[in-house]
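For the protein sequence lines, the chains are R and G, in the order given. Residue 10 in the working numbering sits at position 10 of the first sequence; the count goes up by one each step and never skips. Residue 59 in the working numbering sits at position 59 of the second sequence; the count goes up by one each step and never skips.
Keep in mind the hints are simulated off the structure, nothing from the lab. Some hints here could point you the wrong way.
Since the list can't tell identical chains apart, any single copy or any two copies may satisfy a pair.
Dumping the calculated EDC-like pairs for lysine to aspartate or glutamate here, alpha-carbon to alpha-carbon at most 20 Å [stated by the list, open to error]:
id, residue 1, residue 2
1, K162, E39
2, K194, E42
3, K24, D91
4, K56, E39
5, K56, E67
6, K194, D75
7, K59, D88
8, K194, D116
Here is what each chain is made of, one letter per residue.
Number of protein chains: 2
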Amino acid sequence: MSYNLAPLQNLIDQFERMQGIGNKTAQRMAFYVLSLSDEEAEVFAKAITDAHTKIKQCKICCDLADEELCPVCKDESRDRSVICVVEDPRDVVAIERTHEYNGMYHVLHGAISPMDNIGPDQIRIKELISRLGDGVCEEIIMATNPTVEGEATAMYISRLLKPMGITVSRLAYGVPVGADLEYADEVTLSRALKGRSLI
Amino acid sequence: MSYNLAPLQNLIDQFERMQGIGNKTAQRMAFYVLSLSDEEAEVFAKAITDAHTKIKQCKICCDLADEELCPVCKDESRDRSVICVVEDPRDVVAIERTHEYNGMYHVLHGAISPMDNIGPDQIRIKELISRLGDGVCEEIIMATNPTVEGEATAMYISRLLKPMGITVSRLAYGVPVGADLEYADEVTLSRALKGRSLI
Chain R
1 MSYNLAPLQN LIDQFERMQG IGNKTAQRMA FYVLSLSDEE AEVFAKAITD AHTKIKQCKI
61 CCDLADEELC PVCKDESRDR SVICVVEDPR DVVAIERTHE YNGMYHVLHG AISPMDNIGP
121 DQIRIKELIS RLGDGVCEEI IMATNPTVEG EATAMYISRL LKPMGITVSR LAYGVPVGAD
181 LEYADEVTLS RALKGRSLI
Chain G
1 MSYNLAPLQN LIDQFERMQG IGNKTAQRMA FYVLSLSDEE AEVFAKAITD AHTKIKQCKI
61 CCDLADEELC PVCKDESRDR SVICVVEDPR DVVAIERTHE YNGMYHVLHG AISPMDNIGP
121 DQIRIKELIS RLGDGVCEEI IMATNPTVEG EATAMYISRL LKPMGITVSR LAYGVPVGAD
181 LEYADEVTLS RALKGRSLI
């Protein structure tokens with residue numbers, strides 16, 4: 001379905017380009033924009049350009065930041081001897097929500113994926129290595145996604161860091177808390193068995 | 001979940017305000033915006049303000065238009081003796097897609113709904129009445145939604161127009177093509193029975 005009105009169709013196309021947004025949702029969103037007042041639409045448009053111009057990457061951990069350093073890297077009370085390596089800024093937020101981790105982060109902005117032409121140079125591995133030069137960090141926790149790409153990235157980085165004498169650990173695999181064993185897939189279940197602990 | 005970065009959280013809030021967009025989707029959308037290049041983000045923001053400033057309502061039928069008249073009202077080949085009254089500009093697009101209708105439209109921009117404080121004066125009924133003054137229109141097809149509000153609006157307008165000697169018709173009710181009778185609700189089915197036709 002396409003509209004005869006270029007500005008409307010153009011806006012629908014812009015929304016539809018987003019991952020997970022279909023034609024119907026994009027239409028609904030465009031009509032939402034039309035229903036706004038002129039000022040509200042201005043504020044909305046400005047939020048987009050603002051987010052784009054004001055948000056940069058933290059100079060240390062490559063997480064998103066609106067200043068030179070992100071809030072975690074600025075925080076003097078955090079434990080600088082542990083760095084948790086994640087693929088995406090959203091993963092930092094997820095880990096922060098646990099309130100169980102007080103170390104630093106490093107955001108790779110992706111994972112090694114030869115299928116998508118993403119090699120070690122396309123993600124922030126160089127930045128991670130250069131952070132380790134000062135000898136403050138003692139442990140790296142690899143918290144990349146439990147996917148083929150995340151695994152490969154974790155393996156690659158751990159091989160790179162082992163000769164430097166840094167402990168590299170990986171998030172535990174197992175059944176998610178609250179889940180039903182019946183519905184757990186075989187790989188997860190076999191990893192949970194292997195990783196069993198004494199009670 | 002909230003972000004420490006004001007420009008990012010602000011953008012997420014803007015997206016989340018849209019109907020049907022939850023927090024996770026809004027986040028994904030905001031990160032999509034961050035992944036754009038500066039020029040792309042500029043184009044996106046401009047699409048929002050453009051749609052808002054360039055799209056107005058057609059002087060005749062109140063449909064959306066980027067000029068004084070909408071494409072349908074400008075089209076000389078369309079049958080001016082029939083006007084199809086709909087609630088929303090999207091309904092025009094839906095009917096146009098059937099390629100079965102060659103008449104004109106009138107967009108009410110809503111339906112009478114006392115619960116939401118929307119009376120006859122809040123929707124474009126006055127504009128419809130003033131269009132009928134020239135005597136060109138012979139039939140009005142009420143294509144408001146088959147909801148309580150849509151019904152009430154159709155009844156209200158038909159009572160208003162009957163004394164003017166204009167035929168007022170209503171879209172047929174019945175089972176949707178391709179649907180399963182077993183799952184049709186009782187009201188729809190009883191309407192379909194009442195409206196049965198000879199084969």
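Going down the list of hints, with the structure as the test:
1. K162 to E39: neither (56 Å within a copy, 42 Å between copies)
2. K194 to E42: For K194 and E42, neither the intra-copy (56 Å) nor the inter-copy (51 Å) Cα distance is at most 20 Å.
3. K24 to D91: The answer is between: 13 Å across copies meets 20 Å, while 30 Å in one copy does not.
4. K56 to E39: Between copies, since 16 Å is at most 20 Å while 27 Å is not.
5. K56 to E67: within (7 Å within a copy, 41 Å between copies)
6. K194 to D75: neither (37 Å within a copy, 72 Å between copies)
7. K59 to D88: Intra 16 Å, inter 50 Å, cutoff 20 Å: intra-copy only.
8. K194 to D116: This pair counts as neither: shortest intra-copy Cα distance 32 Å, inter-copy 59 Å.
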